[in-house]
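2 protein chains.
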Amino acid sequence: MAKTIQVWFDFASTYSYPAALRATQLATANHISLHWRPFMLGVILKQQGWNDSPFNLYPPKGRYMWRDMERLCAAQGIPFHKPTQFPRNGLLAGRIACLKQTAPWITAFIQAVCRANFVHDQDIADTTVIGEILHQLNVDSEGVIAHALSEESKQKFRDQTGQAVELGIFGSPTFMIGDEMFWGGDRLAEAIDFAMRRYP
Amino acid sequence: MAKTIQVWFDFASTYSYPAALRATQLATANHISLHWRPFMLGVILKQQGWNDSPFNLYPPKGRYMWRDMERLCAAQGIPFHKPTQFPRNGLLAGRIACLKQTAPWITAFIQAVCRANFVHDQDIADTTVIGEILHQLNVDSEGVIAHALSEESKQKFRDQTGQAVELGIFGSPTFMIGDEMFWGGDRLAEAIDFAMRRYP
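Quick note, the sequences are listed as chains Z and B, same order. Each step along the first sequence adds one to the number in full-length UniProt numbering, with nothing skipped, and position 128 is 128. Each step along the second sequence adds one to the number in full-length UniProt numbering, with nothing skipped, and position 76 is 76.
What the hints contain is simulated information worked out from the structure, not anything from laboratory work. By construction, the Cβ of each residue, glycine as well, lies at the ideal position given by its N, Cα and C atoms. Each hint should be verified, as a subset may be incorrect.
Pairs of lysine-lysine, DSS-like flavour, derived with a Cα cap of 25 Å [what the hints assert, rightly or not]:
hint : chain 1 : residue 1 : chain 2 : residue 2
1    : Z       : K61       : B       : K61
2    : B       : K100      : Z       : K46
3    : B       : K156      : Z       : K46
Calculated from the model, a selection of chain Z residues having no Cβ within reach of chain B, i.e. all distances over 10 Å [stated by the list, open to error]:
hint : residue
4    : Q48
5    : K82
6    : A103
7    : G143
Please model the entire structure based on the sequences and the hints provided.
See below:
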């Protein structure tokens with residue numbers, strides 16, 4: 001059986017940026033396939049009574065998170081600049097990633113969107129920004145964006161978010177190996193270990 | 001300058017149990033002093049609008065936490081049994097630890113209270129349970145408990161909780177090295193590294 005980890009994430013989530021890069025490295029090194037599963041974290045936070053990111057609602061938690069991100073990215077050797085807007089609307093990028101989650105360019109797309117938001121301070125809700133990322137990947141950007149804005153695509157993303165709720169997912173990133181859940185980039189090494197033992 | 005990490009914690013907090021044991025091990029190995037600073041997490045959670053543990057308020061998060069605790073304690077090689085009551089009222093134990101935070105028996109006391117709650121499923125709000133722990137440590141249990149129940153002791157614990165709020169602490173355990181904050185047992189290694197670099 002193929003070693004697979006499902007990576008559930010939302011593009012708005014800060015911690016998903018270093019985790020996405022590191023997950024790709026560790027999965028490659030351990031011959032594990034990653035199945036990227038974007039979902040709408042905002043829908044789940046709203047069910048917990050939050051109408052904004054908890055990092056905005058609780059300033060001490062927010063201040064800590066930004067400092068923690070700085071340290072985390074420095075330790076991981078990747079650039080980071082605090083975006084001027086947080087959270088950014090990741091709906092368009094999420095719909096594209098949901099629609100194209102098995103495309104050969106999906107990992108590169110996810111990393112580029114994360115970098116646009118958390119390194120280059122670009123608005124990832126802007127079709128021009130996303131279009132340019134797709135174009136750089138030699139993907140038909142107009143066709144993909146038009147498809148992402150279709151009712152079929154919106155419904156697919158809603159359905160995938162519903163699956164996240166059913167799985168009991170409550171944060172981003174979340175790694176799933178079968179029914180086993182690991183929440184947060186801090187649990188990535190444990191998720192990899194678990195996958196290696198599950199699929200020897 | 002002495003290498004010191006302040007460990008801010010609440011006895012009710014599940015993750016503080018493995019973190020307290022591991023912090024003691026790693027601090028000893030690295031010649032770092034731990035300064036235990038108990039505080040009332042409930043007061044801070046209430047300021048965030050929570051009247052109960054978020055692990056109770058959000059069942060998916062709670063289910064995950066118990067599974068994560070099982071895995072975490074197994075990986076750390078320490079026993080764990082899910083308590084029949086959560087969270088337990090850690091006020092008495094917290095007041096004692098606040099009052100006696102520099103006593104030579106403080107680390108042993110903290111570890112014993114954590115074990116009572118998370119291994120032996122004992123009610124740590126019970127003066128008999130706490131009295132027995134103090135007695136085992138050859139401490140005048142009646143005297144310490146009477147002191148802990150005094151107005152002076154209650155005020156000291158409230159003041160220390162006020163300091164936690166001023167520092168921007170929002171969860172347990174939190175490691176502080178000067179102004180630098182590390183939240184959660186997951187950041188213990190980073191906190192140790194930071195202390196080693198801060199005090200070479």
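G143 of chain Z non-interfacial with respect to chain B [C-beta, more than 10 Å]: holds, 37 Å
Pairwise hint evaluation, K46 of chain Z against K100 of chain B, where the allowed Cα distance is 25 Å at most: violated, 42 Å
In terms of Cβ atoms, is chain B entirely out of 10 Å range of Q48 of chain Z? violated, 5 Å
Should the label of K82 of chain Z as a non-interface residue stand, given a Cβ cut-off of 10 Å to chain B? The claim holds: K82 of chain Z sits with its nearest Cβ about 17 Å from chain B, beyond 10 Å.
Holds or violated: K156 of chain B and K46 of chain Z, Cα atoms, limit 25 Å. Since the Cα atoms of K156 of chain B and K46 of chain Z sit roughly 38 Å apart, the hinted pair is violated (cutoff 25 Å).
Could you grab the alpha-carbon distance between K61 of chain Z and K61 of chain B and see if it respects the 25 Å cut-off? holds, 18 Å
Status of the stated non-contact between A103 of chain Z and chain B (beta carbon gap over 10 Å): holds, 30 Å
Checked against the numbered hints listed earlier, the structure breaks hints 2, 3 and 4; every other hint is satisfied.
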